[in-house]
Amino acid sequence: MSIIRSHVLVCGGTGCFSSGCKKVQAELHAALERHGLANEVRVVESGCFGFCKMGPIVMVYPEGAFYCQVMPEDAEELVKEHLLKGRVVERLLYKEPVTEESVALFNDIGFYKKQHRVALRNCGKINPESIEEYIAHDGYQALARAVTRMTPEEVIEEVKRSGLRGRGGGGFPVGRKWEFARVSKDSIKYVVCNADEGDPGAFMDRSILEGDPHSVIEAMAIAGYAIGASQGFVYVRAEYPIAVERLSIAIKQARETGLLGKNIFGTDFSFDVGIRLGAGAFVCGEETALMTSIEGHRGTPRPRPPYPAVKGLWGKPTLINNVETLANIPVILLHGPDHFASIGTEGSKGTKVFALAGNINNTGLVEVPMGTTLREIVYDIGGGIPGGKAFKACQTGGPSGGCLPAELLDTPVDYDSLIAAGSMMGSGGLIVMDEDTCMVDVARFFLEFTQDESCGKCVPCREGTKRMLEILERITKGQGEEGDIQLLEELAEVISKASLCGLGQTAPNPVLATLRFFRHEYEAHIRDRRCPAGVCQALLSYHIVAEKCKGCGLCKKVCPVEAISGELRQPHMIDKDKCIKCGACVAKCPFKAISR
Amino acid sequence: MERIKLTIDGNPVEVEAGTTILEAAQKIGVHIPTLCYHPELRLEGACRICVVEVEGMRNLVASCVYPVANNMVVKTNSEAVRRARRTIVELLIANHPQDCLVCSRHGECELQDLSRQLGIRKVRFSGEKRDLALDESSYSVVRDPNKCILCGRCVRVCAETQSVSAIGMANRGSDSIVTTPFNLGLAEGPCVGCGQCINVCPVAALREKDDTERVWEALQDSKTHVVVQVAPAVRAALGEEFGLRAGSLVTGKLVTALRKLGFDQVFDTQFAADLTIMEEGHEFISRLQKRENLPLITSCSPGWVSYCERFYPDMLPHVSTCKSPQQMFGALAKTYYAQKAGINPAHIFSVSIMPCTAKKTEAARAEMQASGYRDVDAVITTRELANMIREAGIDFANLSEGEFDLPMGMSTGAGTIFGITGGVMEAALRTVAEMLDGQELPEVEFQQVRGFAGVREATVRIAGQDVRVAIANGLAQANRLLERIKAGEAEYHFIEIMGCPGGCIGGGGQPLSKDPDIRMKRATALYRQDMLKKVRKSHENPAVQELYRSFLGEPNGEKAHQLLHTHYHARSRY
Amino acid sequence: MEDRKCTGCNCQQGQDPRFEELAKVIEEYRDMEGALIMVLHKAQDIFGYLPEDVQKFVAQGLNLPLSEVYGVTTFYSYFSLKPRGKYRIAVCLGTACYVRGAAEIVSAIEKHLNIKVNDTSSDGRFTLEVSRCIGACGLAPVMTVNEDVYGRLTPDKIPEILNRYE
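Chains as they are written, first to last, in our numbering: chain A, 875 to 1470; chain B, 2 to 575; chain C, 137 to 302.
Watch out, some of these pointers could steer you wrong.
Distance windows between CB atoms, simulated [said to hold, decoys possible]:
#1 A:1393 / C:237: 37 to 45 Å
#2 C:166 / A:1212: 45 to 53 Å
#3 C:293 / A:1439: 50 to 58 Å
#4 C:166 / A:1126: 38 to 46 Å
#5 C:151 / A:935: 54 to 62 Å
#6 C:299 / A:978: 54 to 62 Å
#7 A:943 / C:258: 26 to 34 Å
#8 B:130 / A:1050: 58 to 66 Å
Straight-line alpha carbon distances no greater than 20 Å define the calculated EDC-like cross-link-like pairs of lysine to aspartate or glutamate that follow [said to hold, decoys possible]:
#9 B:534 / B:396
#10 C:252 / A:1119
#11 B:535 / B:404
#12 B:130 / A:1326
#13 B:261 / B:242
#14 A:897 / C:283
#15 A:1455 / C:283
#16 A:1462 / C:292
#17 B:534 / B:444
#18 A:1190 / A:1119
#19 B:341 / B:176
#20 C:178 / A:1119
#21 C:252 / B:444
#22 A:1126 / C:292
Everything labelled a hint here was simulated from the structure, so no lab data went into it. All figures in this text were calculated on a predicted structure; none of them were measured in a lab. In this text, a Cβ means the ideal position worked out from N, Cα and C, and glycines have one as well.
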C-alpha cells in the first residue's frame, strides 16, 4: 500500500487531446517510473480546464501549479524539478499576455480570476472516470438529500426558488418546467438530457460530459424523482466520442454503486439512464425534434402544443433539460437555492458558461456570473483581440442569435439584456470578430448553416432560408440589386413568424441583427460594389500602392498566375485581368503595400 | 366534455375542448386555406398556409394543429397573416415548374387555386429549382418530384391508410424530396399501385400512368376490333367530372359516350363480377366442406393481392385463386366472345375502364394471357376516360341513355355492388346461401356486412351453420384484421378485402373530390342501382348461365380453371 | 435468424461475415423502442458506410419499411451512403474556425487532392468532408483525419500533414 502524495492532472478534453496530451501523459508516466516516483505520484486524465488555447494543460496538486502548452519532452524536467525536488518549473507556467509575468497558481490567472465556476465546478479537478472522486467532491449528496429527506414538491420548490433558467437557448424557468411535468398524470414519464449541442462554436456541454459526467446523471435522477419518472435518456451527439464514452462509464459505475437502478438509497425511487446517439442534425437540439429522433425517426419537429411535459417521448410526459442546466441542479440542492440566487442578476440567476472563440487571444470555456459585461469577457478574461486589431462585433446565441457591435460592449450578459440588444443568450457560443470580418459574409455564413440544417418540413424555413441565402450570396458576389435588403427583411419577417420550430423562427436573426447594426456594409456591397472589410473576393480589386512598395519582388514570386510585374527595387504592378484575387501577395508583402 | 368559448374574426364561437382553430373556424363558415392538412390523415402543421394570428402570441400559429383555448381571440385575415400566406405560396411557386398550361392538373391544382385565391401576380424569388427525374417505372403511378410541394399527404396516406410506405421523405432541408428508397422507382419497392397517393396529392406530382394514347390509337385503327368493359364504380363517379351532382348514376350516358368514342362493343365488368361469384362461391363451398385453407379471402382487388404477396406471403394459400372480374373478362373477350362473334382474337383490342390504378399493373402481370394473348390490352381510369370524352368534344351531361351490348353486358345487382366495400361479400352470400340452403333467400340484402368501418364482421346462418365473415377496406385495415387472425384473436370462414377505403368507389383512379362524404354518395348510387335491378343474384344471370352451358362447362371445372383462375407469388417488400 | 435472411435482392449477405455481426446487433436492439438510429450507427461502424443491402438488412431485421430507413439515413449527415476513403478528412466549419479561415483550408485540401467536398480521391485514400463544430474552437481552424486532430492550421501546412497518410 503506497501513499499518494501528489496528483498530476493532465487535461484530456478534446482541445488538449488535439494538442497531444496523450503523449504528454505517457511521457509523464515514463519519467515517474524512471525516477522511482510511480508509487507516490498519480497521473490522472481530467476533464477540460477550459483554457483550450494553452493546451496541453497539466496541473500539479496539492500545490495547484498550472502548466500550459506542455510538450512530451517537458515531462522529464517537470518530474525531476517539481515532483522530485519540489521546484516549480517557471518556464512552463502561464504568462499573462500583457505583463509577461509568470503565474504559478490557477486562481491567479487572469483568464480564471473573473470566472465563477458552478456548472464547471469539477471540470479539470476530478478524474471523470472515477465515481469515487465525484463522491469525494460532494457528489450524489444532493440526490441523497432529495430522495431521502425531501418530497418531490419540495425539490421543485427549491429549483423554482433558485431562479434557474434553461441554459439551452430559450431561458425558460426550470422549476416551472419541472412542475408542468410533475402535474401531468401518467404512470410513465421520462427525463431527457439534451446533449445535442449543435451551435457552431459552443462546446460547454461536451466539456461537462467529458469532465464531470456524474453531475449530469445525478441531476437527471433528481429530476426523475421530482417529476415521477423512472427512466432517463441522454441524447448526445455521435461527434463527441469521448463524452459518450465517459458518460457510459459513469452510468455503469452509478448502476454498480446503486445510485442508478432499483430502490435508490433504499427508497421506493428507481431510476435508470440510457444513451441515445444523435447523428448529425442541428435541428435535433429543438426539443420536439430531439424526441422524434430518440424515437428512431427523422428528427423533424412537431407542433406544440401538446408540450413535451404533457405529451412527449412516445406520447408520455417528458422533461427535457440541457446539460449545463442539469449540471447546476446538484449545487442548488446542496448549497441551497438562495445561495444560487445570490449569483447573477434580478432576472437571470447563477452563472453562464461561454465558449469564447474567434479573433480573441484567450479562447476557451469561461463561466461567469450572469450580468458580467461583454467587455469584461472579451478583454479581461479573453485578453482582447490579437494582432492589435480593432473589435468589430461579437456573435452570441449561435446561428439563432445576433452580432453586437462595439457600442454594445457594455451590455451585461443576461437573458433579457441580450434580447433587448438584439441578440440572445442561446447555448453560449461567443464568437469575437475583428475589423477584418465582413458582416454580410457572416450573415451569409449563418444562413448557409441554418438552411443546410433546416429539416425541410415547413415551407417558410425550407424555401425561405434558401431564397434568403441566394440573395445574400448574390450580394457578396457583387450582384446585389436595389430592393434586396427590403426583400430580405420581408422574408425574414415571414420566416420568423410562420415557421414551425425555433430553428426557423430564429434563422433570420443573424441577417436582421447585421442589418440593424451594419446596414451600411450591405449598402456598400450593393450600391458601391465594395466589401469594406475586404473579404468578399468578387468585390476586391488588388493594387499596389506605389509609395509603399519597395520593389522586393516577393509578391511577384508568390503570385500563382504571374499577374504581378515590375523591376527589382521599383514599384510593382498588378494586371487586373490576370489577377484571381487569391490574396497570396497581400499575405506575403512585408510593407503592407498591397491594398484591396 | 368541456366547452371552450373563443372569438374568430370578431365572431364568438363555442366548441368542445380539443377542437383545433381550423375546425372551429369551419364551424362558423370562416374559410382558412390549407395545403398539408387532410381530414383523413395525421396532422402535420408543416405547410403553414393555415397560419392565423392569436392575440397575445408573438408568432403566427398553424390553425390546423393549434387547439382552441378559452377567451382566445383569433384573426384569420390580419395583415401579418396575409403577408405570411402570400409569401409562402410565392415561395412554393418559386420552386415549382410553371408549366400550368400543359399540366395534367390544370384547373384541379390546389396550388393554382391558392395562387388565384390570394391574388398572387408576381413571384419575387428566383434561383435554384429542383431538377429531378420522373419516376415512370410503375404501370400504375407516375411520380414527378419536380412538381412536389412536399406537403407529405402521399407519404401519410401510403403509411397510415395503406400501411405500405412505398414512398417516404428523404434528405433534409431544401434537398428534401418525397421518393422511393434509393430513388429506385415505385416498381422496385412495395408499391401496390393503389393510387391513393394520387387522390390526396394537391398538385401533379403524382398521377396515373396515362394510357389514353394507346386507346385512341386502337380506336383509330379500322382493322382493330375494340371492346371495352366498365367497372361498376365508374358509373357512380364519372358524372362528377362533368359537373353532375356527386352520387349521380350515369350508366346510360357512359355507354353512349363509349359508343361515340368508337368502341365496337361496350360491355360490363359486372358481367364478369357475376361470373366471379360463381367461381368464388363454388371455391368457398368446396373449402368450407373440406375445411381447407379457411378463411377464404377475396382476390378482386389487385392492390390487396399485391399487398398480400409482399406483406403476407404466408396468407397466399387463403386467397381465392379466382382472377379479378377485369381479368376474367379479358380472358373471355379473346376466347368466348371472339369465337361467338367470329373475330380473330389477334385483332381484338380489349380495354377496361376502372376506378383503379392498380388494375393497370394487374393487366400487365406476366400470367395474365390465358387467352393466348394479352387478356386486357389497356386499362384507363375514370379520370382518363373523362379526359377522352372531353377531348372528343362530347357533351356528356346531355347524352341519351344507352344500353350495354350483349351478352357480356348483362349483369345483376350483385355485380353492381362489387364496387363498394362489403359488396363482394354480400354478392357471394346471396349465391352461396341459396346454393347451400337449396331454397330462395327471403331477404336479398345482407345489411350486416354494409357500412364504411375499416373492419367489420358478421355471423351469417347458412344451411344450419354459422358462417363467420369479415370485411376490411383500406390496406392498413386489412393489416389490422390479418394481425388479429395471426395472433389467434379472431377466426373467420370468409373475408373480403378491398385495397382502397370504401372499396372501388374510393379507388385511386376516381375523380378527385374534396367532398368528405364522397364515398358514401357513390355507394348510395350503386346500392340504388342494385335495388332497381330485376335480377340481383349472380347465379341468376342468364348470360352467365349461358356461358357455362355453351363454353365453360362447370364452375371450377377444367376450362374455368384454365381461363378464370390464377396463382400468386410471394414477393419481397424490400 | 434464419427467417431474416435477405430474400429480395442479389446482395452478398450469405458470404459476408459482417452481416452476421450486424444480425447480432439487430438481435440485441430488437426490443428497444426507437432502435433504428442506434442500429444504423453500429452498422456504419461495421461496414464503414451504409450501402443499400445493409439498409435493407436493417429494415428487415427491425421490421420497418425501407422508405423509413432510407428517410433516416438521408436525413442525418453522420450517415454516409457512399463508401469513404481510408482516411476521412473533416474540416471544421464551425463559426470559430470559419472566422479564422477554415474556408481557405478546405480550398487548400481540394487543390492538393484534386477533389471537391464529399468526394473521395481516385486512389481511395482520402474523403474530404466538412463538419460542424467539433468543439476544439481554441485551436481554430481545425480538421480531423480519422481520429487525429490538427489545429491552428494554415493552408501551407496541408501538404505536409496529408503526406503523412499512406
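These are the hints, each one checked on the structure:
1. Look at residue 1393 of chain A against residue 237 of chain C: about 26 Å separates their beta carbons, and that is not inside 37 to 45 Å.
2. Our hint of 45 to 53 Å for residue 166 of chain C and residue 1212 of chain A holds, since their Cβ atoms are close to 50 Å apart.
3. For the hinted restraint 50 to 58 Å between residue 293 of chain C and residue 1439 of chain A, the CB-CB distance of approximately 30 Å leaves it violated.
4. Look at residue 166 of chain C against residue 1126 of chain A: about 22 Å separates their beta carbons, and that is not inside 38 to 46 Å.
5. A beta carbon spacing of about 57 Å between residue 151 of chain C and residue 935 of chain A agrees with the range 54 to 62 Å that was offered as a hint.
6. For the hinted restraint 54 to 62 Å between residue 299 of chain C and residue 978 of chain A, the CB-CB distance of approximately 41 Å leaves it violated.
7. Between residue 943 of chain A and residue 258 of chain C, the C-beta spacing of about 39 Å breaks the proposed range 26 to 34 Å.
8. Distance hint for residue 130 of chain B and residue 1050 of chain A: a CB-CB separation of about 46 Å, inconsistent with the stated range 58 to 66 Å.
9. Between residue 534 of chain B and residue 396 of chain B the CA atoms are separated by roughly 27 Å; this puts the pair beyond 20 Å, and the hint is violated.
10. The straight-line distance between the Cα atoms of residue 252 of chain C and residue 1119 of chain A is roughly 33 Å, outside the 20 Å bound, and the hint therefore fails.
11. Straight-line distance between C-alpha atoms of residue 535 of chain B and residue 404 of chain B comes to about 15 Å, which keeps the hinted pair within the 20 Å bound.
12. For the suggested pair residue 130 of chain B and residue 1326 of chain A, the alpha carbons sit about 16 Å apart, so the restraint of at most 20 Å is met.
13. Distance restraint check for residue 261 of chain B and residue 242 of chain B: the Cα-Cα separation of roughly 18 Å lies within the 20 Å cut-off, and the hinted pair is therefore satisfied.
14. With a C-alpha separation of about 15 Å, the suggested pairing of residue 897 of chain A with residue 283 of chain C holds against the 20 Å cut-off.
15. About 35 Å separates the Cα atoms of residue 1455 of chain A and residue 283 of chain C, which puts this hinted pair outside 20 Å; it is violated.
16. Distance check on the hinted pair: residue 1462 of chain A and residue 292 of chain C sit about 13 Å apart at the alpha-carbon level, within 20 Å; holds.
17. A C-alpha spacing of about 15 Å is found between residue 534 of chain B and residue 444 of chain B, which places the hinted pair at or below 20 Å, so the restraint holds.
18. Under the criterion of a C-alpha separation no larger than 20 Å, the hint pairing residue 1190 of chain A with residue 1119 of chain A is inconsistent with the structure, at around 28 Å.
19. Under the criterion of a C-alpha separation no larger than 20 Å, the hint pairing residue 341 of chain B with residue 176 of chain B is inconsistent with the structure, at around 59 Å.
20. Between residue 178 of chain C and residue 1119 of chain A the CA atoms are separated by roughly 15 Å; this keeps the pair inside 20 Å, and the hint holds.
21. The straight-line distance between the Cα atoms of residue 252 of chain C and residue 444 of chain B is roughly 76 Å, outside the 20 Å bound, and the hint therefore fails.
22. Restraint check: the Cα-Cα separation between residue 1126 of chain A and residue 292 of chain C comes to about 45 Å, which exceeds 20 Å; the hinted pair is violated.
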